[in-house]
Every structure is written in structure tokens, then in C-alpha cells.
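Following the hints, position chain B against chain A.
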Amino acid sequence: MAIDAATVRRVAKLARIAEDESRLEPLAQELSGILAWIEQLNEVDTDGVEPMTSAEAFPLPMRDDVVTDGGDPARILLNAPKADRGFFVVPKVVE
Amino acid sequence: MTSDLTRLTLKAAIAGLKEKRFSSAEITQAHLAAIEGARALNAYVLETPEKALAMAAQSDARIAAGEGGPLEGAPLGIKDLFCTEGVRSTAGSKILGDFRPPYESTVTSHLWRDGAVMLGKLNMDEFAMGSSNETSGFGPVVSPWRSRASNKPLTPGGSSGGSAAAVAADLALGATATDTGGSIRQPASLTGTVGIKPTYGRCSRWGIVAFASSLDQAGPLAKTVEDAAILLKSMAGHDPRDSTSIPTDVPDFPSFVGKSVKGLKIGVPKEYRVEGMPPEIEALWAQGIAWLKDAGCEIIDVSLPHTKYALPAYYIIAPAEASSNLARYDGMRYGLREGGPALTDVYEQTRAAGFGTEVKRRILLGTYVLSAGYYDAYYLKALKVRRRIADDFHAAFGKVDALLTPTAPSAAFGLGENSADPLAMYLNDIFTVTVNLAGLPGLSVPGGLDKDGLPLGLQLIGRALDEGTLFALGAALEKAANFGAKPERWW
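If you read the protein sequences in the order shown, they are chains A and B. For what it's worth, the numbering used here labels the leading residue of the first sequence as 1, then goes sequentially. For what it's worth, the numbering used here labels the leading residue of the second sequence as 1001, then goes sequentially.
For the record, the hints were derived by calculation from the structure and aren't laboratory data. None of these values were measured; they are calculated from a predicted model. Hints are supplied without guarantee of correctness; some may be wrong.
[What the hints assert, rightly or not] Heads up, simulated BS3-like pairs for lysine-lysine below, C-alpha to C-alpha not over 30 Å straight-line:
#	chain 1	residue 1	chain 2	residue 2
1	A	13	A	82
2	A	82	A	92
3	B	1384	A	13
4	B	1265	B	1308
5	B	1051	A	82
6	A	92	B	1384
7	B	1051	B	1020
8	B	1479	B	1265
9	B	1094	B	1152
10	A	82	B	1094
11	B	1479	B	1399
12	B	1399	B	1308
13	B	1018	B	1486
14	B	1265	B	1293
15	B	1094	A	13
[Unchecked claim] Some, not all, of what chain B presents toward chain A, calculated at C-beta under 10 Å:
#	residue
16	1099
17	1313
18	1335
19	1336
20	1340
21	1343
22	1345
23	1346
24	1352
25	1353
26	1378
27	1379
28	1418
[Stated by the list, open to error] Simulated DEER-style distance windows between Cβ atoms:
#	chain 1	residue 1	chain 2	residue 2	range
29	B	1417	A	54	34 to 40 Å
30	B	1067	A	14	53 to 59 Å
31	B	1067	A	33	56 to 62 Å
32	B	1372	A	32	18 to 24 Å
Glycine included, every Cβ here is placed at the ideal spot set by N, Cα and C.
Only chain A is shown next, with the shape it has when bound in the complex (with noise of 0.2 Å):
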């Protein structure tokens, strides 16, 4: 399916990336490429066929729902772009 500039920039705005306008277009031309090279895919008889989710066999293990790790706020702030008081400081989210 090919995939035109106004697709572009909705996916990019669903990806939280800010793309140039004169980027759209040829983005939507290489996107298109990639897809029309992934349409062989549908020569693949799929019915039936259960999705692969998982590349093994062994089942997903359980634990307790119990605390494990934390209590340490300084070392989780260590990497913040900006933190106050052992809170990450962020852009204003509600007027």
C-alpha cells in the first residue's frame, strides 16, 4: 500500500516526531518502497496459522506481586534532564 505525505505526518505525529514538511514527501516515498518490497508477504498461505509471539517454548514465568527494587530515588534521578527534590521536573502538562 502506498503510503502518501498526509500518512506521513499523521504517523509521525503518532510517533512523537517532528518532521520537516519537505521531509513528508520523500519519507512516503521510501516508506512506500519498503511496503510495496513487504506485500510478498501475502503469497504466504497464513490460514490457520497462529501468530508467533514468542520465539520460545518454555512458558512465561509468575512471581509474587510484591516490591522488589526501588526506595532510591537519587540514583533514578541521576540521568534527569532536570529534577527538584527528588522529583523529575517536566514540562507543564495541565493549564
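Below, chain B alone, put in the same frame as chain A:
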């Protein structure tokens, strides 16, 4: 003495350290000097000489006390995808900025537990997305190999290009790497080194920056098959912090090296004979078959009918998982923060400035195939094709013990040659990506040089959790190929 120590295999170095023929400080210093003299390769994005010498001193103290682990005193390089406590870890991306993890990845912690010394962090394609190291935020790695035909700079492959170049150029005794679609095996093939992607779940992914979680696996790049076995034995092991880490014991991988391969059944999948494959690769493959036959293996033609659909399925699954995994880079808790004042502007500007072109391309592709209306047609379809591919392998392994294929469809290519066409670049993984989709182990061993003097690799694919058989077969190939070629020093 200095250059001699860097030319040792890991196995020989460990033995020399144990017998006190040289100290860890000496062999570490030798490597640090080699790294300093090889900055033209751009293999390391961060050299950690002070840490290396401090770790070496601790190793020397343990050796003097008659203690020490299986890797005691051996200096290694670490792909920058592994989080290392207090040491900048970037995944080759500018978006992580000066990120210093407050924790250590499980795989690297195993190496330090066993006495290894860290030389520094190795260059890589950004978030491991690439096959030539050209998507790195720190610029490409230049391969130590050069063609006899020209002096143009060549790729060491990717994404673990820094790891492969460092091992090939004797800038580390071995290196950690990761493989989502071929990122250990393709660089191994292009640099005349040995690389193994173990079974999915063999190595913990905890503390490794995530790209596509259902495909990512760590493994070593090494000078020999035995060195790779020694490293994997340390790196592997169950970790409750990774729910996909397999709760099983780690075999003594080095003990498989040198084991007889007589009577093993080797499958040759006809679908790996692709159009446009250079005749030299075809010839090397035939040579590899002959070597294994000489070693007593039985060669059986097999069919993996869905092979050609692996790469397109991968380019839905991997970008889909990446778009989800990379959502965490939002400028709030670590790394780069750009733009403002509104929250959405910060997200969008941070990600626009921090991610490179290929990473953005894959995030957009992944977001698209997961978006409403396209999920079933693309993502679900790819997951079904993935099962078809895995079923092909299961059927083949009913008849054979391992498969033999070429590792990569070409020798090393020039930097810049394939970077304008994403599809041309993706085709590098045509022989390796099937293994990631099925979760199987794959080992690349150098087989020979092409007419221009560039290395070519052979790939062995095994049953899940049967890396041991791959090490036995890989050692047999290594012995028959008697590769031994090293890049001539120009840097």
C-alpha cells in the same frame, strides 16, 4: 612484547595470565596502547583506561593470591548497547546523551564476576539498526581490512561493527555484541572473526538497550571458535530479571571444541542459493560442505521454503517492536531534552533531534504497521509468517543436526556504497535473519578470503539450546579452513 600480547587468543592470554608469564596490567596496557594507536578505525566510542587499569590491578591481586575466575585479567571490549554502571552508555545514539546507567547489565556483570577487564565501549549502529555501522551517532567504524584492489574505507558490518573491528584489529581479546537480525554474524563474516548468536533466552537481555525484544540476543565476537565458547559460557545463564531468560544450566561450551563431528547430519538449504550471489560465496559454501564431509559429516539437502519471506516479515516485526521500545526516549527521565514549552513539543523536538534517519524511518514504519486499520494486514500477517519460518526449521531439524549456509551475501563493501538505499542495506541480513525469527543459535566462522583479500564467513545454524554442536562443527570448519588471515596494519 606489547604487540605480541594483543595478538594472543583469549585462551592463550588466560593461560599466560594464570601461569604469571605476564600480568593483567601488562596485557591491558598493551591493548590500551593499541586502541590509542587505532583511533582512525573509530571502533571505540569511549575508552576507559583508568577503569581498565584498576580492574587489571584487582585481577593481578587475585591471581597473586591464587584466586581468580575463568576470564581473570583478560581485557575485553563492550558494545555500547550494554549498560555499564557509571560508564556512559549510548546505544550509538545522541538521544541518550551522557547517560550513565546506575546499574550493570547482567551479561557484563557475568564477565566481571569471572575476572574480565573492561577496555571501553564499542561503536555500533544507532540502537543496533544497521548493517554497516554508518547509522551510528558517532560516525561509522572503518574496517581494519582493505581490499587489494583499492584503499577505499570499508565497512566492518553492523550493527556490532565496533566489536568486530576491535577483535579483528587486536584492540580487545574478545568483545560483547548483540544480534537482532544478523548484527553479530554479518560483522564476523566481514572481518574474519567468529561470532555466535545463541538461542533466544540463553543470555539475559537485562540492561541491554532494547531494540526488538522478541529477537534481541547477546553473544560474543572472538578471534577463534574456542574463544567464542569461553566468552559465551561466561555471558550466558538464567536471570530472573529477564522473564524470557531460559531457566536452564549453561553447558561447558569450550568442551565441545575439538569434539568429533563424525556422523552428524548437516542440512544444506537450497533456498539460500539466491540470485546474484557472488560465485566466490557459492564456491566457499561448496568448500564448507566438502570440509564437513571430510570430517565425517553426512550432507543432506533440505528445504526451508519460507526463507525469502523472512526479511520482509522481519521488517514489520522489528520496527513494530522498536517503535514501542523506543517510546521511552521522551526527554523526561534521562538523555536529551529539547524544545518546549508545551509537553508535546518537548517530545517531538527531543525525538527529532536525538534520533538519526534510519531509527526514525524504522519508528515510523513500526508505528504505521501497528496503527488502527493496518495491524492485521501487516503485523499479524508477519507473526503468522514468522511461525511458518520457524516450522520450516523444526521440520528440517527432524532430519539434520545442523545447517550450513553462507553468513552474508557479500564481502565487506565500501562506506557510503549502500547507505542511500535502505532496501539494499536490509538485504545484508538475508541469510542471518531467519535464525532470529525462529530463536535458534547461529555461528559464523571465517572460511576464506575473496579475490580482493577480504574475509568471507560460513554460518552454522543449530537446534534451540544446541550451541554445543555448533561449537564442535565450527571448530571443525575452523581447523579445515586454517584461516589465520589478519588485516595488514595501515592505521
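Structure-based check of each hint:
no.: 1; hint: A:13 <-> A:82; result: 25 Å, holds
no.: 2; hint: A:82 <-> A:92; result: 13 Å, holds
no.: 3; hint: B:1384 <-> A:13; result: 29 Å, holds
no.: 4; hint: B:1265 <-> B:1308; result: 24 Å, holds
no.: 5; hint: B:1051 <-> A:82; result: 28 Å, holds
no.: 6; hint: A:92 <-> B:1384; result: 43 Å, violated
no.: 7; hint: B:1051 <-> B:1020; result: 22 Å, holds
no.: 8; hint: B:1479 <-> B:1265; result: 19 Å, holds
no.: 9; hint: B:1094 <-> B:1152; result: 27 Å, holds
no.: 10; hint: A:82 <-> B:1094; result: 18 Å, holds
no.: 11; hint: B:1479 <-> B:1399; result: 26 Å, holds
no.: 12; hint: B:1399 <-> B:1308; result: 21 Å, holds
no.: 13; hint: B:1018 <-> B:1486; result: 27 Å, holds
no.: 14; hint: B:1265 <-> B:1293; result: 10 Å, holds
no.: 15; hint: B:1094 <-> A:13; result: 21 Å, holds
no.: 16; hint: 1099; result: 5 Å, holds
no.: 17; hint: 1313; result: 6 Å, holds
no.: 18; hint: 1335; result: 7 Å, holds
no.: 19; hint: 1336; result: 8 Å, holds
no.: 20; hint: 1340; result: 6 Å, holds
no.: 21; hint: 1343; result: 5 Å, holds
no.: 22; hint: 1345; result: 8 Å, holds
no.: 23; hint: 1346; result: 5 Å, holds
no.: 24; hint: 1352; result: 4 Å, holds
no.: 25; hint: 1353; result: 9 Å, holds
no.: 26; hint: 1378; result: 7 Å, holds
no.: 27; hint: 1379; result: 9 Å, holds
no.: 28; hint: 1418; result: 14 Å, violated
no.: 29; hint: B:1417 <-> A:54: 34 to 40 Å; result: 36 Å, holds
no.: 30; hint: B:1067 <-> A:14: 53 to 59 Å; result: 55 Å, holds
no.: 31; hint: B:1067 <-> A:33: 56 to 62 Å; result: 58 Å, holds
no.: 32; hint: B:1372 <-> A:32: 18 to 24 Å; result: 19 Å, holds
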